[in-house]
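K.L.:
Quick mapping for you: the protein sequence lines, in order, are chains A and B. My numbering applies: residue 7 is where the first sequence begins, and numbers increase by one. My numbering applies: residue 7 is where the second sequence begins, and numbers increase by one.
Mixed in with the good hints, there may be bad ones.
Which copy? The list can't say, so a pair holds if one copy fits it or any two copies do.
[Stated by the list, open to error] Using 25 Å as the maximum straight-line C-alpha spacing, the simulated DMTMM-like pairs for lysine to aspartate or glutamate come out as follows:
| # | residue 1 | residue 2 |
| --- | --- | --- |
| 1 | LYS171 | ASP193 |
| 2 | LYS171 | GLU232 |
| 3 | LYS171 | GLU132 |
| 4 | LYS171 | GLU105 |
| 5 | LYS171 | ASP294 |
| 6 | LYS171 | GLU144 |
| 7 | LYS171 | ASP247 |
The hints are simulated quantities; they were obtained by calculation from the structure and are not laboratory data.
2 protein chains.
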Amino acid sequence: MRLVVLGSAAGGGVPQWNCACENCRAARAGRIAARTQDSLAVTVDGERWVLLNASPDLRVQLAATPALHPRAARHTPIAAIVLTNGDIDHTVGLFSLRESQPLAVYSTRAVWRGLADGNVLTRTLERFPGQLVFRPLEIGHPTSIADPAGAPTGVEITAVAAPGKLPVHLLRSAPSREDNIALLLRDRAQARLCAYAPGVARVDDELIDALAGASCVFFDGTFYYEDELQRRGLGAARAADMAHLPIGGPGGSLTRLARLPARRRIYTHVNNSNPILDPSSEERRAVDAAGWQVAEDGLEVLP
Amino acid sequence: MRLVVLGSAAGGGVPQWNCACENCRAARAGRIAARTQDSLAVTVDGERWVLLNASPDLRVQLAATPALHPRAARHTPIAAIVLTNGDIDHTVGLFSLRESQPLAVYSTRAVWRGLADGNVLTRTLERFPGQLVFRPLEIGHPTSIADPAGAPTGVEITAVAAPGKLPVHLLRSAPSREDNIALLLRDRAQARLCAYAPGVARVDDELIDALAGASCVFFDGTFYYEDELQRRGLGAARAADMAHLPIGGPGGSLTRLARLPARRRIYTHVNNSNPILDPSSEERRAVDAAGWQVAEDGLEVLP
């Protein structure tokens, strides 16, 4: 199994279009790495790739990643797309995968309903019957990920319910445990397990148990502090209001996940407000010292 | 009046994600300029900018354009967004303008209905009452473009009906002459007129008359040949099927617009299949010889 980080930022990216905080200014000036929005690509055979989430930056992410370039006049190495929730920053990239290419999309039924019901834009991916094939993920059940024609990619995924929240545009809907998931990725040949949990409001026993078997964990690095937006003068919302467990503090993920056996632990989905984006910050040193890495766009990982 | 080309490619951009044609390969290898999807930014006072179309690449286009960077923790120099039609490549960028920033959007009523009716995603731009202000453009009537609070930008726009077609995702709707427009931009102080017509199926008298008063014309450069996709082995659709007048040939725009008095004539919205993307091509030489320029991302124009 081989993973590539296509994007390592939370919604809005780094820099964010309407933000001139310290990190956004540093990213514009090239003093810290710019980051596109959260997405991973994974392959077992090196030929067929599975996208995990479809960020609004997908077009430029694909252009920057030679392994995902087409190998014929009309072709894509992308066999399937898996969505962890229905957030704008995880789904809008689907509309960049038009041009009559067959697509296989996997998500929970709740996420798919939120995206496809009453959303006229998805018709752009339905130019001919069968162009877009939706296949549901059932929480707790391993699914072999296949291309639109049904050929398996060798990647097996198990959805794990992760405490989260509905996307802002769906807040009038009834919440469900299918709204937000983490993914356990298995390469059947190597029996290696990798976890991807880019949005986590709380770590419960179910999630800890799921992460405990993974040799590599990508985890929600949105905020370092519960009151990070207030500290930086960027807004009143707290991390909990936005359904993201902060990294630091007594109940933060550094503490809660300290005993995970994973060899690689990587924070991703990092918000522009997060001090760990600056390699010289105290918070980044705390993360480094605890054996965590901060994802950057283009990072390759062999779990 | 000052204009910046944010993106100069047709839908899909150059390179296009699933295309390995000659131009897309050349763009990936850096032999020809890569291009993001069609959008312009225009200002009169150098402070407040109006976006013409919101491409899926908007986040990276803004990051690449210092004049459009925020000047405070939460700020944007973007006063308004004007849409010429409801195509995915002209509208999806709206979803990158979230983060609770007030927005003023101008388009015809038909385009706005197609985008907002039955499209749950637009709720992400309605986080508080009045966040998104829609103001209609009436064909043939000059409109002073103002920011969300109503302060004028100094840019005045007149919508001109341009023969085109409905976006693919709206093909079941009844067509209207409001579906696709060209824009006449006027800087009242200088009395200069600039035209922007990125999608034109046919040049009729109404459009010719409108373009005749402009000192600068941005025009649909999608295809050079009527059968360009077939010639390149990229598909069966003809330029007419996709509602784009080709540049070349007896009825093409080079011939049809030869007598326009405009000092600057610029082809934009250029498809990845178009040979004019290669500066050494015969077709590019024909365009150059006729006094037309081919837009590139970042090009600045003072009409």
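K.L.:
Checking each numbered hint in turn, tell me which of them this model violates, lowest number first.
P.N.:
As far as the earlier hints go, 1 and 5 are violated by this structure, in ascending order.
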